[in-house]
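> For reference, the chains in residue letters:
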Amino acid sequence: MGILIEVDNLNYRHPNSEPGMLSALRGINLRIAEGEYVALIGANGSGKTTLARHLNALLRPTSGSVRIGDLDTQNPRNYAAIRAMVGMVFQSPEDQIIATTVEEDVAFGPENLGIAPQEIRERVNTALQNTGMSEFRLRPPHQLSAGQVQRLALAGILAMRPRCIIFDEPTAMLDPVGRKDVQALLSQLHKEGITILYITHFMEEAVRAERVVVLCQGQVALDGSPAQVFNDAPSLNKSGLERPPAAVLADVLRPQIPQLAGNILTVEELTQSLLACPIPSGRILEQPPVEDEQPTPLIKVHDLGYTYLKGTPFAERALTGASLRVDEQRSHGLIGATGSGKSTLLQHLNGLIRPQEGTVRVGPYDLNDPKIELKTVCQLVGMSFQIPETQFFEQYVGDEIAFGPRQMGIKAAGLVQQVRQAMEMVGLDFEDYKDRLVFTLSGGEKRKVALASVLALHPRILALDEPLAGLDPLSRRDLLENLREWQSSGVTMVVSSHYMEDLVELVGVVTVLKNGKDVISGALAKVFSRRDELEEAGLEAPLVTQVAASMLKSGWALPRGLVRQDELVRAVAELVKAGVHE
Amino acid sequence: MSNFEYLGRVTIGQYLPIDSFLHRLDTRARLLFFFCLLAAITLAAHPAGLFLGLVVALVCLVIAHIPLKFALRGLLPPLPFLLVLAVIQVFLARDSSHSVILFQFGPVILTNTGLWAGAALLIRFAGLILGLSLASFCLSTSQIIHGLDSLLKPFARIGFPSRDLIMVMQVTLRFLPLLALSAERIAKSQAARGAEWGIGHGSLLQRARQIIPLIVPLFLTSLHRAENLALAMDARAYGSSSRPTSMVEMHFQAVDGLAVGLGFIITGVILVV
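For the record, the sequence lines run as chains G and P. Just so we're aligned, residue 1 is where the first sequence starts under the numbering used here, counting upward by one. Just so we're aligned, residue 583 is where the second sequence starts under the numbering used here, counting upward by one.
Source of the hints: derived by calculation from the structure; they are not laboratory data. Just so it is clear, CB atoms sit at the ideal spot from N, CA and C, and this is done for glycine as well. Hints may contain errors.
[As the list claims (entries may be wrong)] One-sided and incomplete, this derived list gives chain G residues near chain P with beta-carbon spacing under 10 Å: (1) Gly87; (2) Gln91; (3) Ala99; (4) Ile115; (5) Phe393; (6) Lys411; (7) Gly414.
Generate coordinates for the entire structure from the input sequences, incorporating the hints supplied.
Right, here's the structure in full:
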């Protein structure tokens, strides 16, 4: 097949970058053939988005050249043809919807290309069908869910019938089922012969591509098949990335099961390879779970109902009788599909939203009592929203973090002390960071500032809405470490997340929400063993649980309810040891 | 309703997708007809013309199959204001030459012209409110955009940037709910850190002061959004063809012409009577 994208010695400097700074892209050479499926990965700020924007002439090289199907992106006359050829789905899908109804938004691209009305109509219909959006064709875009907006953005590109589609982290904000849908759509498009360039922070998604390109500080660090790239762990780490979770799990199991294949990258490969391994005949005596002392309840939510814009034609029911009990020192997870009411429930916990139906009790406060002020509650419950860095309102890191304590009337030395402490808790050096401008920080640093600004009030409870979404693997690991440190210092967390792997590291108890109601609640092991109900709620058990379940099925006498990697490894080790003794 | 709901989920206008004769008319015909009617009611000098305008609006509501009760409910919220205005009008509007004094009590003088002026004000506003709601019941935002686009097209020949203007309108409509949503998020994240926000007490000045820390970040996020939107439009080839097309095709038929003609006649009658 012919070459579609040719990038030669591409250098790019941001127009107003400071002289000392490195160029955003440095000497990139890349060839992408028609019909290829390429994953582009790299740490936050490695230049992925900047490179992608060169491929449909949104940005032009400072030096070097980019040619798309023989058309040079430097020539403005080629723009229309290039953009018809290379479509792009952006990072935040809600910002790329232009029209006031779904079908008109899909028609926007073809209209600009000057296509005849009947053909536009036909293309719009096909695009809506392929993305499963036909039934919403007349809806205004702000009444769609996050997953639907994502599909609408894709439909708008599909209607232009491009030869290549670039996806810039399309799954960062989606629930597990939404992520799977996107993957299925990608393979479908790939089968139809469309060239795909897929930018992601998820190694398990990158593995599904035919080819993986790794960017590091504006340069191509690795370029090859998934096997080549992901087996080069040292180079990956240098680029701020990790091996895919299934590969990591295989690595830690291999000392116990030496027969495990050496090049495992996906869950399917792992379970397949495990089938071929000898199964130890040993058995582990299942220990009854240790019941420790009765925990004291810290948060009690009973039968909570909430409707946005109640009493107007736009009323939208978000919670329908949700209950939640969080115990002192027992961090709690909230999981559920997008739109299941997690965020609304979290915002009840510090009094931002007052209960319409049902009751909320947090610590000593009864939030049904209007006399209890938000200002009082928020000193007990710190709250961090989704993508908190979009809500910064101060210029400097120090001021942003000092906002909360200042509201409480803390001044001078006490204020400095509190800010310093909060910054140390997230691992930012006070002297080094306090006078930096927030918007110059990296993605991971911004997230830390956002969390420090909540911690500055010393809350005993933290409500975190998707605290790790959108971060690259190393920043995630780093922040996860921080969160666990706070927990051991006595903070109780209520965390909502779409990433089960992160959640099992943070909490011991979870509640599953579905359509605004709690459907399952309890210890991780109990909840994640109910596979069908999880799937119904748009969720998926963590990788370890999935692998353990398939091992159990094939005859491994593993105990039930394994959720963490170390638990699985320990159980397997015991089994293997017991097997040898027999 | 919560303190933090800034109408981010509200659509503008209240389009009712009913299948009526009026809804089936060509969008441009509807736009022109409503424009004529509203202009006539605004400008009509004589009570008889005003009354005719009100009747036409009511008849159109019936033709559009819109429950009259529902439409008339729109008159209730502004009614107290209108009554106050009408009463003021009654005592202030005095055309000294022809007016007949009906009633006098000290400085309070009631004349026939004053009464007429008060009544005219009430009828004019009732007609305008009904006419505007009629238009919003019958035209969706996207229809307004496409209709105006088509009506303004002739002006594009003399260099009037009609398509860009329509685009600006469309993007504005699209942005308003997003703006409300961003405001909601920022206000919430400030309140979550102890800012007194949206709570009933505090003087007007204090409350106004609360808005200031909201404005700067709101501008920043809006600029950021605008930048993203511009990129997304570029990526979808906006402005790259000199002759962009439209998915929505409009067919102007005899009946549409008739409706527009009728609109002109009604306008004429209302203004002349």
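> Hint by hint, note whether the structure agrees.
Evaluated hints:
1. Gly87: Gly87 of chain G check passes; min Cβ-Cβ to chain P is 7 Å, inside 10 Å.
2. Gln91: This hint holds: Gln91 of chain G lies near chain P, its Cβ roughly 8 Å from the closest one there, short of 10 Å.
3. Ala99: holds, 6 Å
4. Ile115: holds, 6 Å
5. Phe393: OK, holds: Phe393 of chain G within 10 Å of chain P, min 4 Å.
6. Lys411: Check failed: Cβ of Lys411 of chain G comes no nearer than 14 Å to chain P, outside 10 Å.
7. Gly414: Interface hint status for Gly414 of chain G: violated (15 Å vs cutoff 10 Å).
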